[in-house]
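Make the full structure from the sequences, and use the hints.
Using the working numbering, the first residue of the sequence shown is number 45, and each one after it goes up by one.
Read the hints as simulated data drawn from the structure, not as lab findings.
Cβ coordinates follow ideal geometry from the N, Cα and C atoms, glycine included.
You may find that some hints are simply not true.
The following label-pair restraints were derived from C-beta to C-beta distances [to be verified]:
| no. | residue 1 | residue 2 | range |
| --- | --- | --- | --- |
| 1 | 98 | 72 | 33 to 41 Å |
| 2 | 68 | 89 | 30 to 38 Å |
| 3 | 80 | 56 | 15 to 23 Å |
| 4 | 64 | 84 | 20 to 28 Å |
| 5 | 66 | 94 | 41 to 49 Å |
| 6 | 72 | 97 | 34 to 42 Å |
| 7 | 93 | 56 | 14 to 22 Å |
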Amino acid sequence: MTMQGVGAASPTLGGWLAHAFGYRIAFLALDAIAALAVALSAGCRGMLQAAAEVQVMQ
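Encoded structure:
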């Protein structure tokens, strides 16, 4: 649920950044957030797979 809320806030954040600092900064900031999310997902892949295996065994 939290992830959906964060995703839904993206247009609001992007609009605010574009209005305050211009489109270039808005796109760079949202790209940085997306890159961080991809890096976290890739970094936590092993932990998520282990948790999924534990749930399957139960």
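Between residue 64 and residue 84, does the beta-carbon spacing fit 20 to 28 Å? Once the Cβ atoms are compared, 26 Å apart, the range 20 to 28 Å for residue 84 and residue 64 holds.
Range agreement (Cβ of residue 97 with Cβ of residue 72, hint 34 to 42 Å): This hint holds: roughly 38 Å between Cβ atoms.
Distance restraint evaluation - residue 98, residue 72, Cβ atoms, bounds 33 to 41 Å: Holds, since residue 98 and residue 72 (Cβ atoms, about 39 Å apart) stay within the stated range.
Within 41 to 49 Å: is that where the Cβ-Cβ distance between residue 66 and residue 94 falls? holds, 44 Å
Residue 56 and residue 93 - C-beta distance against the hinted 14 to 22 Å: violated, 33 Å
Beta-carbon spacing of residue 68 to residue 89 - inside the hinted bounds 30 to 38 Å or not: Holds: the Cβ-Cβ distance is about 32 Å, inside 30 to 38 Å.
Is the distance from the Cβ of residue 80 to the Cβ of residue 56 consistent with 15 to 23 Å? holds, 18 Å
When held up to the earlier numbered hints, the structure conflicts with hint 7 and nothing else.
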